[in-house]
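Turn these sequences into a full structure, and let the hints guide you.
Chains as they are written, first to last, in the numbering used here: chain A, 1 to 363; chain B, 1 to 363.
Think of the hints as simulated: they come from the structure by calculation, not from any bench.
Be a bit skeptical, because a hint or two may be false.
It does not matter which identical chain is used: a pair holds within one copy or between any two.
Said to hold, decoys possible - Below, computed lysine to aspartate or glutamate pairings styled on DMTMM-like, alpha-carbon distance capped at 20 Å: (1) 300 x 151; (2) 32 x 307; (3) 37 x 65; (4) 194 x 231; (5) 32 x 283; (6) 160 x 142; (7) 37 x 47.
It should be emphasised that the depicted structure is a prediction, and the values quoted were computed from it without experimental measurement.
Each chain, letter by letter, is given below.
2 protein chains.
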Amino acid sequence: MIQRRQTKKVYYGDVAIGGDSPVTVQSMTTTKTSDVKATVTQIHELEEVGCDIIRVAVPDQQSAEALPSILKQIAIPLVADIHFDYRLALAAIDAGVQALRLNPGNLRNPESVQLVLKSAQAKKIPIRVGANAGSIDHAWLDGLDDSLSREERIAHGMAKGALQHIKILENHNFTDIVVSLKASDVITTVIAYKLMAQQCDYPFHLGITEAGPLTQGTVKSSIGLGILLNEGIGDTIRVSLTDNPIHEVHVGRLILQSLGLRREFPEIVSCPTCGRCRIQVIDIAKKVEKALSTLKGNIKVAVMGCEVNGPGEARDADIGIAGGNGYGILFKHGSVVGRVPEDKLIDVLLEEVKNILAEKGDI
Amino acid sequence: MIQRRQTKKVYYGDVAIGGDSPVTVQSMTTTKTSDVKATVTQIHELEEVGCDIIRVAVPDQQSAEALPSILKQIAIPLVADIHFDYRLALAAIDAGVQALRLNPGNLRNPESVQLVLKSAQAKKIPIRVGANAGSIDHAWLDGLDDSLSREERIAHGMAKGALQHIKILENHNFTDIVVSLKASDVITTVIAYKLMAQQCDYPFHLGITEAGPLTQGTVKSSIGLGILLNEGIGDTIRVSLTDNPIHEVHVGRLILQSLGLRREFPEIVSCPTCGRCRIQVIDIAKKVEKALSTLKGNIKVAVMGCEVNGPGEARDADIGIAGGNGYGILFKHGSVVGRVPEDKLIDVLLEEVKNILAEKGDI
Chain A
1 MIQRRQTKKV YYGDVAIGGD SPVTVQSMTT TKTSDVKATV TQIHELEEVG CDIIRVAVPD
61 QQSAEALPSI LKQIAIPLVA DIHFDYRLAL AAIDAGVQAL RLNPGNLRNP ESVQLVLKSA
121 QAKKIPIRVG ANAGSIDHAW LDGLDDSLSR EERIAHGMAK GALQHIKILE NHNFTDIVVS
181 LKASDVITTV IAYKLMAQQC DYPFHLGITE AGPLTQGTVK SSIGLGILLN EGIGDTIRVS
241 LTDNPIHEVH VGRLILQSLG LRREFPEIVS CPTCGRCRIQ VIDIAKKVEK ALSTLKGNIK
301 VAVMGCEVNG PGEARDADIG IAGGNGYGIL FKHGSVVGRV PEDKLIDVLL EEVKNILAEK
361 GDI
Chain B
1 MIQRRQTKKV YYGDVAIGGD SPVTVQSMTT TKTSDVKATV TQIHELEEVG CDIIRVAVPD
61 QQSAEALPSI LKQIAIPLVA DIHFDYRLAL AAIDAGVQAL RLNPGNLRNP ESVQLVLKSA
121 QAKKIPIRVG ANAGSIDHAW LDGLDDSLSR EERIAHGMAK GALQHIKILE NHNFTDIVVS
181 LKASDVITTV IAYKLMAQQC DYPFHLGITE AGPLTQGTVK SSIGLGILLN EGIGDTIRVS
241 LTDNPIHEVH VGRLILQSLG LRREFPEIVS CPTCGRCRIQ VIDIAKKVEK ALSTLKGNIK
301 VAVMGCEVNG PGEARDADIG IAGGNGYGIL FKHGSVVGRV PEDKLIDVLL EEVKNILAEK
361 GDI
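So this is what it looks like as structure tokens:
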């Protein structure tokens, strides 16, 4: 349904970004990268919930030295996040990372840039460049049209910064580029990516930076990424939350699922309970959500309060339950197929879900 | 920044919807409306977190009889949600509710419609009409252009349904109308409201219906409402969650705040912690979020991991903290103003927040 922006395709290992490839979900570890065991454990947890690509900070030599051992133990592409120090970039490339997050304009000198780019090019490693609203050079904002809003001015500054980094790479014939333009403000971020979409065809890594704790960060990321993805902009996403990165992956997948861009995990349709409701919809929906979180497959599951309206309102659902008095009904695509005592309702529903997924060949 | 769609202004009691009035946040009680004590308690909790308008289901005579007593004890406008039975609508109007949620096409006969509309008109009570994807007449979809997607077809059906209800009201010269078009699918909902925006100038009540449990419902509502509000569409919103309605209000306010449409509550800018981080950003951000949730006022508060990058990246923040080793720094608009032992950091920050809000006259 969504017409995606035409972008160049690059590869982080086996995982494609851009072109016609599915939008991928990224996250970043919160462990010390030099602590191999903790880092690998966290990456495994993130793989489990559907993380497609993982990034680790490489702020020092010990972190760089940990990379080969981490890489041996994980199944998804690893991006090394490096600031300023070209030697860390070279070490990460040698270790075999699948991509770099690096701004070439921040490396010490042209020789360092050339060394890093030659090395990355030899190993076909893409580089993500970007500008964050918090680190733009405010001198760039001079000379911008006075009629622009504050958000537009900052967005222009971000795009300008990113284009400078892109220019450096292109001057070295390096074009395996992914671009990010993150602000903590939703409107600024949206404007920045839209501006940049007119100026290059590199794939975009979307994110709202410093979006905040779980709920606020989920809202801001969903709005910002949702607006852009709905307009076809965005090839890989990262939801930034000040919380366990498992939530980042979960929210990222839900964003893609809500827009029909990925459909690999069960979706729940459930009504807000109201004064008409005869079963504990909230409790049941939470239990169903928890049980479904360990399953993969494209299925829509309904949990409705009302046996009269529920099946019709949730006729999109592959399978669903609705409440009565002491018992509930089971329905498929709007038609009632059974009647189940309330205390058996969740078990019966989950059994049916597994059957449907098995029929589809999803499990 | 956002240019809002030009709409007619209507009033739910003192609270304006549409025109140049701020976008309002609604919720719905989950108690039995006939249980006055439980219902009033829940409404007070929702008022406390910033709910502007509250809706209650009125499925039976006992619920209608409870309305006068509920109305006496609450400070925000009350909307009575009524299906099919015109006598309940008349009882709710007599009780003094500030608005009705009712589809006139579902009332028994033209005489019932006329009675309800005359009575509502005499008391200047607006009516919200709407169509949900789950209850459209599928016959309406016949004859639609074959090139339309499934989502577009359903959206057209929803708009058609809502226009029929609007027509009935207009035929009685009743124009204090608010319109809703809810689907559980984000794309369908967005298309439906955009279609309707071309066909009338009544204010819109936005919502994604049956959006699911807390996280999924937050994501779907944020995307759907975010896309529409960012395009200037939407005058009042309800986030539907299968959870305590307090979360509905909280998420609703965060959506408006993220788009700069309302700025009455503190906003947190906080970084996702990473391998570079020296303080427990997640714990600190959660504690700060909790403490701020009881405050009102337009302030941006930063919680950053890194004392080197934090102040610059969060220079938008009125006040912020960033971590060091055993101590943290306090900064205002990007400039460091103090150094505080880590165990005092949160207390000092909150003290400063209150001072700033007091200076602004917000508390």
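Right, here's what the structure says about each hint:
1. Taking the shortest alpha-carbon separations for residue 300 and residue 151, only the inter-copy value of 16 Å comes in at or below 20 Å, while the best intra-copy value is 39 Å.
2. Proximity of residue 32 to residue 307 under the C-alpha cut-off of 20 Å is restricted to the inter-copy arrangement: shortest distance 17 Å between copies versus 51 Å within a copy.
3. Taking the shortest alpha-carbon separations for residue 37 and residue 65, only the intra-copy value of 13 Å comes in at or below 20 Å, while the best inter-copy value is 64 Å.
4. In this assembly of identical chains, residue 194 and residue 231 lie within 20 Å of each other by CA distance both inside one copy and across copies; the values are 9 Å within and 14 Å between.
5. Taking identical chains as interchangeable, the C-alpha atoms of residue 32 and residue 283 lie at most 20 Å apart only when they sit on different chains, with a minimum of 17 Å there against 37 Å within one chain.
6. Proximity of residue 160 and residue 142 under a CA criterion of 20 Å is satisfied intra-copy only: 12 Å inside one chain copy versus 51 Å between copies.
7. When the C-alpha separation of residue 37 and residue 47 is checked against a cutoff of 20 Å, the pair qualifies only within one copy, where the shortest distance is 15 Å, while the shortest distance between copies is 48 Å.
Of the numbered hints stated above, none is contradicted by the structure.
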